[in-house]
Structures are given as structure tokens and as C-alpha cells.
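> What follows is the residue order along each chain.
Protein chains: 2
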Amino acid sequence: MDQSGPAIVLVAPQLAENIGTSARAMANFGLADLRLVTPRDGWPSDKARAAASRADHVIDRARVFASPEAAVADLNLVIATTARGRDIGKRVVGPREAATMIRAAEEGGQRAGILFGREKSGLTNDEVALADIILTFPVDPAFSSLNIAQAVLLVAYEYRRAAFDNERAGLAFDDPVGPQASKHDLVGLFGHLEGALDRTGFFRPAERRPSMVLSLRAMLQRGRFTEQEVRTLRGVIAAFERHLPPPRDPSGSADDD
Amino acid sequence: MDQSGPAIVLVAPQLAENIGTSARAMANFGLADLRLVTPRDGWPSDKARAAASRADHVIDRARVFASPEAAVADLNLVIATTARGRDIGKRVVGPREAATMIRAAEEGGQRAGILFGREKSGLTNDEVALADIILTFPVDPAFSSLNIAQAVLLVAYEYRRAAFDNERAGLAFDDPVGPQASKHDLVGLFGHLEGALDRTGFFRPAERRPSMVLSLRAMLQRGRFTEQEVRTLRGVIAAFERHLPPPRDPSGSADDD
Chain A
6 MDQSGPAIVL VAPQLAENIG TSARAMANFG LADLRLVTPR DGWPSDKARA
56 AASRADHVID RARVFASPEA AVADLNLVIA TTARGRDIGK RVVGPREAAT
106 MIRAAEEGGQ RAGILFGREK SGLTNDEVAL ADIILTFPVD PAFSSLNIAQ
156 AVLLVAYEYR RAAFDNERAG LAFDDPVGPQ ASKHDLVGLF GHLEGALDRT
206 GFFRPAERRP SMVLSLRAML QRGRFTEQEV RTLRGVIAAF ERHLPPPRDP
256 SGSADDD
Chain B
6 MDQSGPAIVL VAPQLAENIG TSARAMANFG LADLRLVTPR DGWPSDKARA
56 AASRADHVID RARVFASPEA AVADLNLVIA TTARGRDIGK RVVGPREAAT
106 MIRAAEEGGQ RAGILFGREK SGLTNDEVAL ADIILTFPVD PAFSSLNIAQ
156 AVLLVAYEYR RAAFDNERAG LAFDDPVGPQ ASKHDLVGLF GHLEGALDRT
206 GFFRPAERRP SMVLSLRAML QRGRFTEQEV RTLRGVIAAF ERHLPPPRDP
256 SGSADDD
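Protein chains in written order, with the numbering used here: chain A, 6 to 262; chain B, 6 to 262.
Please keep in mind that the hints were generated in silico from the structure rather than gathered at the bench.
Hints should not be assumed to be uniformly reliable.
Pairs count within a copy or across copies, as identical chains cannot be separated in the list.
To be verified - List time: in silico DSS-like cross-link candidates among lysine-lysine, alpha-carbon distance up to 30 Å:
(1) LYS188 to LYS125
(2) LYS52 to LYS125
(3) LYS52 to LYS95
(4) LYS188 to LYS95
(5) LYS188 to LYS52
(6) LYS125 to LYS95
Predicted model only: the values in this text are computed from it and were never measured.
Work the whole structure out from these sequences, hints included.
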């Protein structure tokens with residue numbers, strides 16, 4: 006089974022740069038099957054390669070077709086992207102739902118592809134008629150013109166994203182925050198801080214001490230510190246503590262400055 | 006309440022074209038608050054306007070800032086986009102989770118913004134340190150370099166897309182007690198703590214100071230403190246500070262105990 010994901014079919018693209026930036030967007034999210042229907046500026050294209058920013062594996066593998074029909078001939082599920090409604094009785098989905106449908110088709114051993122239209126005029130009705138469903142984007146209706154490479158990017162992103170139920174699993178690197186410190190460690194930190202603050206006279210008047218302690222503990226707990234971070238904060242407290250006067254008899258006055 | 010969505014903050018963008026294509030991507034998904042930190046080719050820029058393909062309302066409203074700190078000063082939730090892991094103890098999310106967090110912050114009357122780095126080198130560690138969380142994309146690790154406008158597009162898309170999700174339950178972070186403090190307040194807190202720690206000799210050896218400062222800022226930022234909590238923590242620092250020796254000549258020895 007082909008692991009390259011859905012085919013990206015650019016129908017009569019006018020600018021070679023847009024082919025290149027589309028190839029780059031595909032590569033960013035792991036797609037590799039680029040198909041070009043009668044590109045206006047010919048193929049191969051140095052401009053396209055330059056704009057692809059080293060997505061050479063996509064550019065090298067790109068194939069040119071004489072018609073949209075030829076470009077989608079081997080596909081089972083064809084999706085047409087359009088910026089405006091077409092009254093041709095097809096189902097309309099967004100990129101997320103389209104990605105789910107493509108994944109489902111692939112899991113069934115089928116091949117999917119997405120048609121993208123010309124920069125100026127999009128796809129013709131005849132081209133849209135080749136598709137099983139219509140894909141459109143949740144753009145601001147007041148500014149709905151998406152660059153082709155950006156439309157390709159959104160589709161490729163959602164396709165890759167659909168592979169991961171948990172978004173964290175697909176990220177390029179891991180969350181570096183380690184496991185949270187134990188409550189035992191946290192209580193030790195709180196006791197250390199509060200003991201040092203007692204020596205500074207911070208908790209005044211004395212009857213407010215319990216509520217002040219609660220607030221401090223609540224805010225410090227929200228950071229969900231790791232063990233190492235608790236050690237660092239205890240180092241901070243110890244640095245200050247070395248300059249404090251010696252502990253007082255707790256029954257004595259707190260007036261120490 | 007501002008209806009323009011999160012601020013898009015481009016830090017030291019090198020190419021005016023990328024500013025323009027980012028503005029277009031913002032307009033496609035209804036964002037309007039573009040902020041530029043020291044754009045290399047100056048501002049305003051005809052090249053940027055041309056590349057924006059008539060997203061003139063975004064270009065006209067763009068503001069230039071002298072530093073990333075100034076650009077995020079009025080924001081409560083700051084998200085840094087990075088392509089590689091940073092070992093500075095911040096939570097890492099994908100664009101979908103980030104969009105949910107931004108929507109939640111906005112519903113609480115807060116303002117959010119996303120930092121995007123230089124074309125070649127991204128954000129510095131100090132710039133990432135300004136953020137509450139790190140955003141990365143589920144790209145193919147073998148081809149992970151996203152164009153800036155495409156990164157902006159994915160964030161804007163997920164932000165707009167999140168408005169149509171009805172599965173808002175299970176938010177990734179706790180309901181804050183009150184609105185989160187501004188970055189201005191947090192930077193003041195960090196400066197206060199670090200200045201006091203300098204007087205204790207905590208940052209030793211001196212060459213480790215920058216990484217120690219980054220760790221402290223990362224862990225303190227995770228608590229998403231309110232304004233009142235920042236005031237409380239500054240009170241804690243002041244209580245310790247009263248017992249410290251007077252500030253030293255910074256060129257002198259740090260041996261103070």
C-alpha cells in the first residue's frame with residue numbers, strides 16, 4: 006500500500022512559484038504525490054524547484070497530466086476544493102472532515118486525491134463534477150481568497166493531524182516539563198518558605214497568617230513544579246535565609262527590622 | 006471587548022514579503038492585530054503590501070515595536086512558536102490546543118498573542134522565555150521548516166476553527182482566580198527577584214546566571230499569576246530584601262557571606 010498519503014492535484018496552475026510552495030507545504034506534512042494538470046509555465050521548472058525550499062523529493066516525483074480526468078484516473082475518492090458554493094448536489098465538508106474521510110478510504114485500501122484550481126478562477130464546474138465531495142475552508146467571507154499553497158497546507162496539516170488522536174503525540178518534539186514533584190516535596194518547600202518568612206516579619210498582622218499561607222500555597226502549587234524545580238526554589242529561599250537574623254522565640258515580638 | 010483575535014507578533018522578520026503573506030493569512034481567518042518587532046527592511050513596506058494581496062486593513066493597522074517585551078506588554082497569554090525543543094520547562098502544545106487556550110483566555114476578558122521568529126533562526130531563548138507556553142506543529146521531522154506565513158495560517162485557521170467547536174469541556178488549564186497579570190507586571194517581578202538574588206550571591210558561578218534566570222522565569226510563569234498574586238510575591242521578595250546587604254558594585258566580587 007502506498008504510504009505517501011493523498012495525491013495533490015494542481016489543475017492548470019499559472020505560477021511556477023505556487024507549485025514550489027505547494028510542494029514545500031506537502032513535504033512539511035509528509036505528503037509526496039504531486040500531480041500537475043497542464044501547468045502554464047511548463048515542466049520541469051527551476052522556479053518551482055527554488056520555491057520548494059529543498060522539497061526536491063516532491064518536485065522530482067511530480068507528474069504532469071494532460072487533463073484532470075487523466076490525473077485522477079487511478080483514484081477512488083476525489084475531493085474538489087472550491088471557495089464558493091456550487092449548486093451541483095455534492096456533499097460539502099471542511100478540511101478536518103475531509104482528512105477523516107481520506108484516512109478512512111486509505112484504511113480500506115483505496116486511494117484519495119484533492120483537486121486545487123487555477124489561481125484566478127479556481128476549478129470549472131466540469132472539473133468539480135469529477136469529485137465525490139467538495140472541500141471548502143472556514144475562511145472569513147470578507148477575505149476568502151486563499152493562496153494555493155496555503156490551501157494545500159491546510160489539507161496536508163489536517164491529514165497528518167488526523168493520524169494522531171492525541172495532538173501531543175504528533176508534535177515534532179516532546180513536552181519537556183518532567184513529572185510533577187510529590188506533595189511531600191511541595192509541603193517541604195512551603196514549610197521552608199513560611200519559616201523563612203516568619204523570620205522576616207512578613208506575616209503581619211499575625212491573625213492574617215493562615216490566609217496568607219493559603220494564598221501562597223495555592224499560587225505556588227499552580228506551577229506544577231518538578232522535583233528539580235522544587236530544589237531550585239529551595240535554593241532561592243536558602244540564599245535569602247542566610248542573611249536573616251536568627252530564629253526568634255515564637256512567643257516573642259515579630260518586630261525585627 | 007476587542008474582536009480582532011490574538012495578536013500575531015513577528016519578531017525581526019527579514020523579508021517584507023513574509024510580512025505581507027502573513028497579513029493575508031491572518032485576513033483569511035479573520036485576524037487583524039499584526040505586530041512587528043524591528044522588521045529588517047523597515048516599515049511601512051510596499052513589498053509587504055503587495056504580498057498581502059489586498060489584506061490592506063491588516064497592513065494599515067500593523068504596529069512596529071522596538072523589542073519583543075514591548076510588543077507583548079499588554080498581553081496576558083503569550084505563546085511562542087518554535088520548530089525545535091527548548092529545555093526551559095514550558096508546556097508544549099499543538100495549534101489546536103493553543104487555539105482552545107486562546108479562546109478560553111479571551112472569554113475570560115484576557116488578550117493573547119503568538120510570537121513567530123526570524124526566517125533563519127527562529128526565536129532566541131530569551132524571547133521564548135517571555136511566553137507562557139510553546140507551540141509547535143505536527144510536521145514531518147524530516148522536513149520541518151515551515152514558512153512564517155504558513156505557520157501564521159495554521160494558527161489563524163485553528164483559532165477560527167475553534168469558534169465552531171462545541172467540545173469546549175476539559176480545558177487544558179485551570180480557571181484562574183482572576184485575570185492573569187500582564188507581562189509588564191511579570192517582567193517587573195522577575196527583575197525584582199533576580200536583583201535581590203544577585204545581592205545574595207545565588208547566581209554562582211556567574212556564567213550560569215543566564216540559564217538559571219531562564220529556569221526561574223519558566224517555572225514562575227507556569228503559575229499564571231494574577232496581578233494580586235504578583236503583588237504578594239513582590240511582598241515576599243521585599244521581606245527578604247530588607248535583610249540583605251546593600252547592593253554591590255556589579256563589577257565587584259559576589260562573595261558576600
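> Decide, hint by hint, whether the structure agrees.
Taking the hints in turn, this is what the structure says about them:
1. For the identical chains of this complex, LYS188 and LYS125 are intra-copy neighbours only, at 27 Å inside a copy versus 43 Å across copies, given an alpha-carbon limit of 30 Å.
2. For the homomeric pair LYS52 and LYS125, the shortest alpha-carbon distances inside one copy (19 Å) and between copies (21 Å) are both at most 30 Å.
3. Taking the shortest alpha-carbon separations for LYS52 and LYS95, neither the intra-copy value of 36 Å nor the inter-copy value of 40 Å comes in at or below 30 Å.
4. Taking the shortest Cα distances, LYS188 and LYS95 sit within 30 Å of each other both inside one copy (16 Å) and across copies (21 Å).
5. Taking the shortest Cα distances, LYS188 and LYS52 never come within 30 Å of each other, neither inside one copy (32 Å) nor across copies (44 Å).
6. When the C-alpha separation of LYS125 and LYS95 is checked against a cutoff of 30 Å, the pair qualifies only within one copy, where the shortest distance is 23 Å, while the shortest distance between copies is 44 Å.
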